[in-house]
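Novice: Residue numbers (the numbering used here), protein chains in the order written: chain W, 2 to 331; chain Z, -15 to 328.
These are computed hints drawn from the structure, not numbers from a lab.
Certain hints may be false.
To be verified - Straight line, CA to CA, 25 Å or less: simulated PhoX-like cross-link-like pairs of lysine-lysine:
(1) K238(Z) - K62(W)
(2) K34(W) - K153(W)
(3) K62(W) - K239(Z)
(4) K238(Z) - K129(W)
(5) K206(W) - K141(W)
(6) K238(Z) - K98(Z)
(7) K141(W) - K129(W)
(8) K153(W) - K249(W)
(9) K129(W) - K239(Z)
(10) K239(Z) - K153(W)
Claimed, not checked - Here are some chain W residues the structure puts well away from chain Z; computed CB gaps all over 12 Å:
(11) H157
(12) A223
(13) P288
Stated by the list, open to error - Beta-carbon label-pair distances, calculated as ranges:
(14) I5(Z) - R114(W): 44 to 52 Å
(15) N176(W) - F117(Z): 27 to 35 Å
(16) R129(Z) - L82(W): 44 to 52 Å
(17) Q158(W) - V137(Z): 24 to 32 Å
(18) D86(W) - I148(Z): 25 to 33 Å
(19) T242(Z) - T192(W): 50 to 58 Å
(20) R129(Z) - N176(W): 34 to 42 Å
(21) D86(W) - F(-11)(Z): 31 to 39 Å
(22) A195(W) - T242(Z): 48 to 56 Å
(23) D225(Z) - V329(W): 19 to 27 Å
Where is the CB? At the ideal position from N, CA and C, for every residue including glycine.
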Amino acid sequence: MSEVLLKVKHLATEFDTEQGIARALDDISFEVKAGETLGIVGESGCGKSVTSLSIMRLLPKPAGNIVNGEVNFKGQDLVNLPADDMHNIRGNRIAMIFQEPMTALNPVYRISRQLNETLALHNPGMSKDDIQQASIDMLKRVGIPAPERRMKEYPHQLSGGMRQRVMIAIALLCNPEILIADEPTTALDVTIQAQILKLLKDLQKETGMSIIFITHDLGVIAEVCDRVLVMYGGRIIEQADIFTLFDKPSHPYTRGLLNAIPRLEKPAKETLSTIPGMVPSLFDFPPGCRFQNRCEYVQTRCEQETPDLEMHGNDTHQVRCFRFKELVNL
Amino acid sequence: MTQYFIRRLLLIVPTFIGITILVFVITRFVPGGPIERMIAEAQQASMQSGGMTQSSGNGIGAATLDQDQIKQLEEYYGFDKPVLVSYWDWLVKVVHFDLGVSTRYSDPVWDTIKERLPISAFYGILTMLITYFISIPLGYMKAVRHNSHFDHVSSIVVFIGYAIPSYVVGIILLVVFASNLEWFPMGGFYGDEFEDMDSKLEQVADVFYHAALPLLAYVAGSFAVMTFMMKNSLMDNLAADYVRTAIAKGIPFKKAITRHAMRNSLIPIATHFGNNISVIIGGSFLIEKIFNIDGLGLLGYESIVERDYPIVLGVLVISAILQLFGNILSDICVAAVDPRVQFR
Ligand SMILES: Nc1ncnc2c1ncn2[C@@H]1O[C@H](COP(=O)(O)OP(=O)(O)O)[C@@H](O)[C@H]1O
Ligand code: SF4
Ligand SMILES: [Mg+2]
């Protein structure tokens, strides 16, 4: 059993908005083990990005606040860590890449500056030449051709895929223990997406880092992840290793998601099934199970009580639904 | 980069020709010119049909000019030649700084402008420096402390500065600090004893002593827009993805602002720079009038009142050229802060 690096416990995050307080995350608990890739999947707006931003303490201020819970990184609670200690962790021990490579780099500075800056920040003793060389080596490792020349260029001179590689290079410069990748391939076209996924897997093999991989695309999850969290309405509704999840999806929402993917092995006559209904806004969630208005198995109890995340079968599989045991046979 | 500037400099030629054509068209309205002749003819025709008698033969505008001066204008602007020929002749004269002769002073127009330009430029450049010096840090602080007490209180001050026209500020300053308290002189670019002062230092001090109130009036009129521009621009950039990237790298928030957001938020300010410089160097005739400063603005205003056409048009040409260079300067500034610009 490998070491647990990150333990998120009962995390709750709220946004102070004009319409009132919106609870974007509710009772989020999960672990990240050394060397593994944990996927977080769910429809747009379910709280994937807010989860990653909460871990990194990058929530937009002053609106976004962690109101409950703990983010335990190797014994330190990041939620209450002094700002200076947090600066030492960000980009150094936990790094992050984002969805939009087109806007994630500063348009007015050369690539070199944006790489070197990170190294200089976390390695105060390092010489300028060593920093420059390390940055060039890193660009080479993420598969950027002619890295010396690229160092002198500005972000607008690079394609989306190249920029995302630069982002990955920046994130990996300091050998982080955890890389959080928030939809890193969503904005890229399919071939580039496949290249970036392969690159991340290769780099993980080299470095042994853990990856938290966020996406709304179960196909991508299947390709890169060891374990998966499924989120809905700011809550984790199912958590399992990748085989269990695809084999025995147990929450009605997860089953709906999996049915929504077109599959080769299924006869083509079957029309693409999608989950009916809409995700309510954060202000309109009814009490009880947040999926109730779209669930075909809903009962009175679901409208009154909130189901807990319960163990199901083996100890890595957890489901948040009152009826998942009955549903196994449906 | 160099290529961009070469392209930019080459653009001066067509722009200059465009500007001069515009001014040239305006010269056709000068007394003795074709437009006025047409008006006079039309008037005569209507008066004849109305059966009324009219003594003046030269129309309205020329009332204050004598026959010699009209002749001079006709000659300088070439009213008797075909349009293209007279445009070319005039253009050649303009390029050689021959802007004609003032009908009021009988001095060459360029000499008069040359005398006034440095005075307006002195105020203009100082106003701009002070404005940037106030607006950029103030806008920065307002953005960083958005919605704080400091932000609200300073907004009130900025808004008052925006709402009161600068000449009103000028009059208030003059009444309070010059007339009542007598802390500052009533006006002028320098005092009567200026020529007799022994040291350069004393002279410089005298100029600034005279400049204090008008500068305040100028700055009051310009810092509001600049401050809000800086604040909004920085606010936009604080929410930008690349700032979040910077913080995710481990850079503290304050440093992410100064190192990353600041330069990006200066881009709109730099774009504005060229407009400012030409407007400001032109001077505000109202402030120049209030403080009795012999600048370009006042010169233009008085010339209009006195119908000194060569000066009015000369000031117009010079302002247009200043605008042209202001724009180029502005482009250079933008290119200096924004590397994307050369590829547009
Ligand atoms: N700055 C914010 N202010 C208010 N609400 C926000 C803000 N950011 C995110 N949210 C809300 O939090 C929820 C989760 O958003 P997010 O984590 O970005 O979704 P996704 O799973 O697509 O990444 C959404 O309902 C969104 O409306
Ligand atoms: S708890 Fe009830 S409403 Fe919620 S998913 Fe399970 S069956 Fe459906
Ligand atoms: Mg997201």
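Novice: Looking back at the numbered hints, which does the structure fail to meet, lowest number first?
Specialist: 2, 6, 8, 11, 15, 16, 17, 18, 19, 21, 22 and 23
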